[in-house]
Amino acid sequence: MSHYLLSRLGSTLVVLLGVTVLTYSMLFLAPGDPAETVLRQQMGHPPSEEALADFRERHGFDDPFPVQYANWLADVVRGDLGSSYFQKQPVSSLIAQALPNTLTLGLSSMAVAVVVGLPAGVVSAVHRDGLLDQMAQVVSLAGVSMPNFWLGYLLIIVFSLRLDLLPVAGAGGLDHLVLPALTLGTSMTAVIARLVRTTMLDVLDEAYVRTARSKGLRERIVVYKHALRNALIPVITVVGLQLGYVLNGAVVVEIVFQRPGLGKLLVDAVFARDYPIVQGVVLLVGVLFVLTNLLVDLSYRYVDPRISRPGGYDG
Amino acid sequence: MADATAVGGVARYLRERVGALTDRRAVATFTGRRRNLLGLVIVAGLGVVALIGPLVLSTSPTETALAHVLHQPSLAHPLGTDALGRDLLTRMVYGARISLTIAALVIGVRLVLGTGVGVVAGYAGGWVDEAAMRLVDVLLAFPGIVLALVVAGLLGPSLTNAMVALAVVGWGRYARVVRSEVISVKERGFVRAARMMGVSRPRTVARHVLPNVLGPVVVLATLDVGTVVLGAAGLSFLGLGAQPPTPEWGTMLASGRSHLQQAPWLINVPGVAIVVTVFGFNLLGDGLRDVLDPRQRTALEEVDS
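First to last, the protein sequences are chains A and B. Start counting the first sequence at 1; every next residue gets the next number (our numbering). Start counting the second sequence at 1; every next residue gets the next number (our numbering).
Think of the hints as simulated: they come from the structure by calculation, not from any bench. Note that the coordinates shown come from a computational prediction; the quantities given were computed from them, not determined experimentally. All C-beta atoms in this analysis are idealised placements derived from N, C-alpha and C, irrespective of residue type, glycine included. Incorrect hints may appear among the rest.
[Unchecked claim] Not close to chain A: a few residues of chain B, all C-beta gaps over 12 Å, as computed:
no.: 1; residue: 8
no.: 2; residue: 35
no.: 3; residue: 73
no.: 4; residue: 104
no.: 5; residue: 105
no.: 6; residue: 120
no.: 7; residue: 191
no.: 8; residue: 208
no.: 9; residue: 212
[What the hints assert, rightly or not] Listed below are several chain B residues computed to face chain A (Cβ distance under 7 Å; list not exhaustive):
no.: 10; residue: 77
no.: 11; residue: 207
no.: 12; residue: 238
no.: 13; residue: 267
no.: 14; residue: 271
no.: 15; residue: 279
no.: 16; residue: 282
Just chain B, with the same shape it has in the complex (with noise of 0.2 Å):
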C-alpha cells in the first residue's frame, strides 16, 4: 500500500517535473547555458556507446591476439591494442557498460538508503533523529576514499565488493539532504492538513513529503554519477575494484603503467574516458541545480579520486 502511494507520489511528482522541464523558463534557464547542452549531448551519448555498443561491435573485449601486441592506433584498430593485443575500442566501449552500471547500482543503493534514513529521522526527530544523524557525522568522519578503500579491501579485492564499500560509506550526504528538507517540508500546511484529515502516516510521506525532496535528491544523485566513477576506478587502480581481464577503465590504466614509454595510449585513453564522462554528468548536475533546485549554489563539494 505504502510502495503504490509512494509510486503514485513519484510518478506525479515526476510529471509536474517533467511539465517544469517543458516550462518554456526552464528550458530557457537549462539551454541558455551551452555548457548544459555540452553535457547533456556527453551523457546521452555515453549512455548509448554503452547500451548499443556492444551488440554492434563484433570484436570480444577479452580475447588475446599475441601477433598484434602494443598496435598503436590504426585504421584495424582505432585506439590501438593492449599488451596481450586486445582492441582499445572494444574494451573502451565494455567498460562504458560496466563503469555506468556500476554507477547506477551504487547510487541506487545509496539513494535508497539515505532517503530511508533521512524521512525516518527526519519525520521522527527526537533521539532517533539524533542518533541517526550522529551515524552520518561518522560516516562523513572520513574521507571516502580512504574508508571505501579499506572496506573493499578487507572484503577482498572484486568489483562487488569494492561496489558495496562505496554504496555503504556514501550515504550519508543523502540522508542529511533529505532529512533537512523533510523537516522544511512537514510542517508546512499541506501536509499537517493531511495529517489532520486523518491521512495514515506512511501515507502523508509518500505522497506529500517524498515529492518534496525530489529535487535536491536528483540533483545529488547527478553530481553523484561523477564522484562515484572516479571512485570506482580509483579503487580498480589500487587493485581493489574490478580485476583483469575486466574492461573497466581504473583497472585499464593500472595495466598500462607498465608501457608508460611505449604506449602511451594504453592509459591515455581510459584516462580520457574518465574524464570526459565525470565531466559530462558534473556539467549535467550543475544544470539541472539550476532548474530543480534553484535554492542551493554551484558548488561540488567533494571529489573523491
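Just chain A, same shape as in the assembly (with noise of 0.2 Å):
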C-alpha cells in the first residue's frame, strides 16, 4: 500500500507538471505574434513597432521558451498568475470572483443528480430488466444524450418566458441557481443513475446478499440493508469524479444563463485572447481534476482494499 501510495503520489506529481507544460505551451498554438495580437485589441489599431517591443520586453516574450515557462512556472506557484491583458486586474482575483458562482452551480446540481440519480439507480437495479428498468435505462440515456444548450433554452422559454416564474439569466439569489442547476443537474442525473444501478447489481450479486436472501430474510431488508449500504460507499466515492462533468458543463450552463463563473470567464478570455486568463483557468481545472482523482483513488482503495489493480481506477 505504501509502495502503491508513494509511486501514484509520483505520478501524480508528473502529470502536474504535465498540465503545466501543456497549459502554458498551449499559447503558441495562436497564430501569429501574441504581442501584435494583444496589441492590436488593446490599442485599436496595429500597434508600432516600439509598443511591440515594450509589450514584448514586459511580457517576457524575448525570451526562450524554457526561460518563459520557468519563469511564469516560478510565479505560478507563489500564487501570481499574472493580470489581465484587458481587465486591469490580476487573473487570481478575476479567478477568485468566479469561483465560488461554479461551486455553487456545481454543487447545486450535483445535489439534484443525487437525489434523483440514486433511487433511480436502485429502483432500475432491484426490478433488473423489469419495465421500470428498461424505462429508467432508456430515460437515463436520452438524459445524457441532450445537449445542456438546449435544456437550458427549453427551461428558460417554460419557466421564464411562459411562466414567468424565474430570471431568465444572471447570477444573484436562489431564484438565479434554480435552472442552471436543473440543467446541469439532468446529465448528471442520468450517469449517477447508471452507475448506481450497475454497482448495485454487483452487489445483489455478491454472496452476502445471497445469504441474506436464503436466511429468508425479506426482500426489502436485503435491498435497503445489506445491499444498498455497500453499494452506496463507492458510489459515494465516485461522485467526486464528476467534477469533470461539472466543469464540461458548467461552461455551457453559464454562457447560456449569462453566469459570471470560471466557463464564462474562460470563454471570454479565450474571444478575447486574454491569454493570462486562459492559462489561468485551465491551469486551476486542470489541477482540481488530477487531484480530486487523486483523492478519489486513494479513498477508493481504502474503502475497498479488494482492488489491487495497478493504475488503479480510470476516470
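Put the complex together from the two separate chains, hints included.
As C-alpha cells, then:
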C-alpha cells in the first residue's frame, strides 16, 4: 500500500508538471505574434514597433521558451497567475470572483443528480430488466444525450418566458440558481442513475446478499440494509469523479444563463485572447481535476481493499 | 508490407466478427433488446438522410428569402423558416451530413492516433510505455470540452479548427484501451508462437495483436460518436466551431437564441436532432458492447456537452 501510495503520488506530480507544460505551451497554438494580436485589440489599430518591443519586454516574450516557462511556473507556484491584458486585474482575483459561482452551480446540480439519480438507479437494479428498469435506462440514456445548451433554453422558455416564475439569466439569489442547476443536474442525474444501477447489480450478486436472502429475510431488508449500504460506498466516492462533468457542463450552462463563473470567464477570455486568464483557468481546472482523481483513487482503495490493480480506477 | 498485412488482419477479423454477428446467439443477444434495434434504426435513418437527403432536396440550405422570415412549421416549410427565411428542414438535412462527417473524421483521427500510441506503448513497454501513458494522463487530466474549447479558440474559430481540437484532445482513451489489450494479448500463446516462428514484430502486431484489440475499440468508437457530436455542436454553439451561415446544428441553435419567444422551433428542431443522433449512437454502442466486448459493462464514462 505504501509503495503504491508513493508511486501514485510520484506519477501525480509528473502529471501535474505535464499539466503546467501543456497549459503554458498552448499559448503558442495561436497563429501570429501574440504581442501583436493583443496590442492590436487593446489599441484598436496595428501597434508601432516600439509598443511591440515594449510589450514583449514587459511580458518576457523575448526569452527562449524554457526561460519563459520557468519564469511563469515560478510565479504560479507563488500564487501569481499574472494580470489580465484587458481588465486591469490580477488573474487570481478574477478567478476568486468567478469560482464561488461555479462551485455553487456544481454542488447544487450534484445535489439534484444524487437526489434523483440514486433512487432511480436502485429501483432499476431491483427490477432488473423489468419494465421500470427498461424505462429508467432509456430515460437516463436520453438524459446523457441531451445537450445542456438546448435543455437550458427549453427551461428558460417554459419557466421564465411562459410561466414567468424564474429569472432568465444572471447570478444573484437562489432563484437565479434553479434553472442552471436543473440543466446541469439532468445529465449528471442520468450518469449517476446508470452508475448506481451497475454497482447495485454487482452487490446484489454477492454471496452475503444471497445468504441474507436464503435466510429468509424480507427482500426490502436485503435490498436496503444489506445491498444499498455497500453499494453506496463506491458510489459516494465516484460522485467525486463527476467534477469533470461539472466543469465541462458549467462552461455551456454559464454561457446560456450568463452566469459569471469560471466557464464564462474562460470562454470570454478565449475570444478576447486574454492569455493570462486562459492559462490561469485551464491550469486551475487541470490541477483540480488531477487532485480530485487522486483523492478518489486513494479513498476508493481505502474503502475497498480488494482493488489492487496498478493504476487503479480509470476516471 | 506492414500496411498490407494490417489490412489483411483487419479484414480477416471483420469477417470473423461479421460471422459472430450472424452467429445466431450473438444476433439473439443484440436483437433481444428492442432498444438495440431502435439504435440501429436511428443510426441507419440518419445515415440515409445524410447521404441521400441533400440529393433529393431542391432547396438550398443557405438561400435566404426575406419574404418568408420566421414562418411557423407549415406544409410548405414542414419545420418552419429561420430569421433569414431559410427552410429549416433543408438546413437540418444538410446539418446531418455535417455532423456525421465531423464525427467520422474526428473519430478516425482519434482512432489512428490512439491505436498507434497504444500499440507502441503496450508492445514496447519500459520507458516508452511510461512516457506515452503519462502523456495520456496529462491529456485526460482536463475535462474534454474545456481543453477542446481552448485549443479551438486559440487556433481561431472555425469548423476545421474545432475538429482538430476535438481530435487532438480525445485520443487518450483509445490509447489506454488499446495498450491494455495489447499487453494482455502479447504474452498469449499464439502471439509468442508467432514470434518464435520468426514472424517479424510489425507483422505479428498486424496479424495477431491488432485484430484482437478491435472489438473494444469499435465499441469505444461507436459510443464516442455521441460525445463528438455533442462536443462539436457545443463548440459551434459557443461560436468556436462552424460559423454562420453553415447549417450546423449547434450554430443553428445559437442563432435561434434571439427568437426564443417568437420562434422556439429554431432551437427545438436542432435540439431534437442532436438528442436523437446522440441517443441513437449511444443505444447502438451499448448494444454492440454486449456482443463485441462482453467483458465491459454498460457504463458511459464521459459525456461532453
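A quick look at each hint next to the structure:
In this structure residue 8 of chain B is separated from chain A by more than 12 Å, as the shortest Cβ-Cβ distance comes to about 32 Å. Its beta-carbon lying about 6 Å from the closest one in chain A, residue 35 of chain B breaks the requirement of being farther than 12 Å from that chain. No Cβ of chain A approaches the Cβ of residue 73 of chain B within 12 Å, the least distance being about 16 Å, so the stated non-interface status holds. With a minimum CB-CB distance of about 19 Å to chain A, residue 104 of chain B clears the 12 Å threshold, and the non-interface call stands.
Annotated as non-interface, residue 105 of chain B keeps its C-beta farther than 12 Å from every C-beta of chain A; the closest such distance is 20 Å. The Cβ of residue 120 of chain B lies farther than 12 Å from every Cβ of chain A, with a closest approach of about 18 Å, so its non-interface assignment holds. Every beta carbon of chain A lies more than 12 Å from that of residue 191 of chain B, the smallest distance being close to 22 Å; the non-interface claim holds. Listed as outside the interface, residue 208 of chain B is consistent with that label: its C-beta sits roughly 25 Å from the nearest C-beta of chain A, beyond the 12 Å cut-off.
Chain A leaves residue 212 of chain B outside its interface by the beta-carbon criterion, the shortest separation being 20 Å against a cut-off of 12 Å. Checking residue 77 of chain B against chain A by beta carbon gives a least distance of about 21 Å; that is not within 7 Å, so the hint is violated. Because the smallest distance between the Cβ of residue 207 of chain B and any Cβ of chain A comes to about 28 Å, over 7 Å, the interface hint for this residue is violated. The interface hint given for residue 238 of chain B holds, since its Cβ lies 6 Å from the closest Cβ of chain A, which is under the 7 Å cut-off.
Look at residue 267 of chain B: its Cβ gets to within about 5 Å of chain A, closer than 7 Å, so that hint holds up. With 7 Å as the threshold, the beta carbon of residue 271 of chain B comes within range of chain A, its nearest partner Cβ sitting at about 3 Å, so the hint holds. Evaluation of the residue 279 of chain B hint against chain A yields a held restraint, the C-beta minimum of about 4 Å falling below 7 Å. Because the smallest distance between the Cβ of residue 282 of chain B and any Cβ of chain A comes to about 5 Å, under 7 Å, the interface hint for this residue holds.
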